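K.L.:
Required output: the full structure, derived from the provided sequences and hints.
Protein chains in written order, with this note's numbering: chain A, 1 to 219; chain B, 220 to 438.
Hints were generated in silico from the structure; no laboratory data involved.
Please read these numbers as outputs of a predicted model, since none were measured by experiment.
Pairs of lysine-lysine residues, derived as BS3-like cross-links and limited to a Cα-Cα distance of at most 27 Å, are as follows: (1) A:Lys121 <-> A:Lys174; (2) B:Lys393 <-> A:Lys176; (3) A:Lys205 <-> B:Lys424; (4) B:Lys395 <-> A:Lys176; (5) A:Lys174 <-> B:Lys393; (6) A:Lys136 <-> A:Lys121; (7) B:Lys355 <-> B:Lys424; (8) B:Lys393 <-> B:Lys340; (9) A:Lys42 <-> A:Lys121; (10) B:Lys340 <-> B:Lys395; (11) B:Lys355 <-> B:Lys340; (12) A:Lys136 <-> A:Lys205; (13) A:Lys121 <-> A:Lys176; (14) A:Lys174 <-> B:Lys395; (15) B:Lys340 <-> B:Lys261.
Protein chains: 2
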Amino acid sequence: MSMREVFQRELSEVQERLVDLSESVTEIMEKASIAFLNSDVKKADEAIALAEVNEERALAIDEMAIRILSRQSPVARDLRVLVSALRISASLERMGALAGHIATIARFRYPESAVPETLRKTFSEMGALDCALGRKLTQLLRNTDVDLARSIQAEDERVDELHRSVFDLVLSEKWKENAIYTVDVTLASRYHERFADHVVDISAKVAYLTTGEWSELEA
Amino acid sequence: MSMREVFQRELSEVQERLVDLSESVTEIMEKASIAFLNSDVKKADEAIALAEVNEERALAIDEMAIRILSRQSPVARDLRVLVSALRISASLERMGALAGHIATIARFRYPESAVPETLRKTFSEMGALDCALGRKLTQLLRNTDVDLARSIQAEDERVDELHRSVFDLVLSEKWKENAIYTVDVTLASRYHERFADHVVDISAKVAYLTTGEWSELEA
Numbered sequence: 001m002s003m004r005e006v007f008q009r010e011l012s013e014v015q016e017r018l019v020d021l022s023e024s025v026t027e028i029m030e031k032a033s034i035a036f037l038n039s040d041v042k043k044a045d046e047a048i049a050l051a052e053v054n055e056e057r058a059l060a061i062d063e064m065a066i067r068i069l070s071r072q073s074p075v076a077r078d079l080r081v082l083v084s085a086l087r088i089s090a091s092l093e094r095m096g097a098l099a100g101h102i103a104t105i106a107r108f109r110y111p112e113s114a115v116p117e118t119l120r121k122t123f124s125e126m127g128a129l130d131c132a133l134g135r136k137l138t139q140l141l142r143n144t145d146v147d148l149a150r151s152i153q154a155e156d157e158r159v160d161e162l163h164r165s166v167f168d169l170v171l172s173e174k175w176k177e178n179a180i181y182t183v184d185v186t187l188a189s190r191y192h193e194r195f196a197d198h199v200v201d202i203s204a205k206v207a208y209l210t211t212g213e214w215s216e217l218e219a
Numbered sequence: 220m221s222m223r224e225v226f227q228r229e230l231s232e233v234q235e236r237l238v239d240l241s242e243s244v245t246e247i248m249e250k251a252s253i254a255f256l257n258s259d260v261k262k263a264d265e266a267i268a269l270a271e272v273n274e275e276r277a278l279a280i281d282e283m284a285i286r287i288l289s290r291q292s293p294v295a296r297d298l299r300v301l302v303s304a305l306r307i308s309a310s311l312e313r314m315g316a317l318a319g320h321i322a323t324i325a326r327f328r329y330p331e332s333a334v335p336e337t338l339r340k341t342f343s344e345m346g347a348l349d350c351a352l353g354r355k356l357t358q359l360l361r362n363t364d365v366d367l368a369r370s371i372q373a374e375d376e377r378v379d380e381l382h383r384s385v386f387d388l389v390l391s392e393k394w395k396e397n398a399i400y401t402v403d404v405t406l407a408s409r410y411h412e413r414f415a416d417h418v419v420d421i422s423a424k425v426a427y428l429t430t431g432e433w434s435e436l437e438a
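P.N.:
Below is the structure:
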């Protein structure tokens, strides 16, 4: 096998592992969202455990990317693909941690619910959007030719809108819940919003991998 | 000049820029902390403006690191130093954004204060600790031989303790403030805590640069 073939094979493995990581992050968010909405402590524990594994797997991808950089000394596009892989794995690691935080809120409030009735619909939609974004991200990482950028953008905007609506409600006269609820929904809303932000960040990096126009997308 | 000399000079420039970025991040936190504690809207605006510049400067460092990787194809320790630089600049970018968020909370609540009297002392200490951590980080990046790891660890633990104490108070019977205060202090406390976390993350990476024991520190 030529150096080039070895490199391409190694790069494919990095990509496969990022796809796996993205699938696992989506699974963590699915479990966390159910745990949060239904006070499902079993799902919460599963999400928290998976988030820990997720962190280790992200670090393993980083080590692999650095090993390839070291052995192959890639330049130009190949180099940028690997640097992107490092950034994508860092984002996926944070996404797993954020989903884990949502599960932890559910865990702490068990057997009570962390979600007041007035916000159930909002968080249900936010959770569903984050899971949908996770699945689109996996698809995008699996096949960088896919054009999902527009729908990812639209879904992230909707998550931002819901995030603001949580604050609008909490800061309005209508909000009668106690401080525990206020803290829980404030943080949970923030975690959902950051999760979606990371999907947008990663999709910009994946788009670059296709177009090669790094600085334009970073700007 | 030999390739090696060029590389060393370029590496020094990356380091200098990281030192500058760390100084700027500390300045943003200093302004944000004053803005937050004293409802100082001028300081808030300065912090928010600096946070935007900070983001651009972090991206410029990344571009420089990638250019060096591309031209020099470093291996072994040199390669890991550059990959660390990319990670450190990503953390410094987030730290600037977090400090900017604290300033934004002060901005939104102006002319009222976002800090209730019962938490003034706590946030004053948290802000001072974050600024001290920022200054230590600058020192560490300037001279990687400095042993600050222990004091950074201790200060981060104190920030975590204060962060928990904010939640303990807010979730206790004693908390009589309205939801606006609850939201503001919940998020502000979280931002202070994440800022300190990043300092710990970066200091582990800087420590690696001295010892060369990457995987040990990443574990």
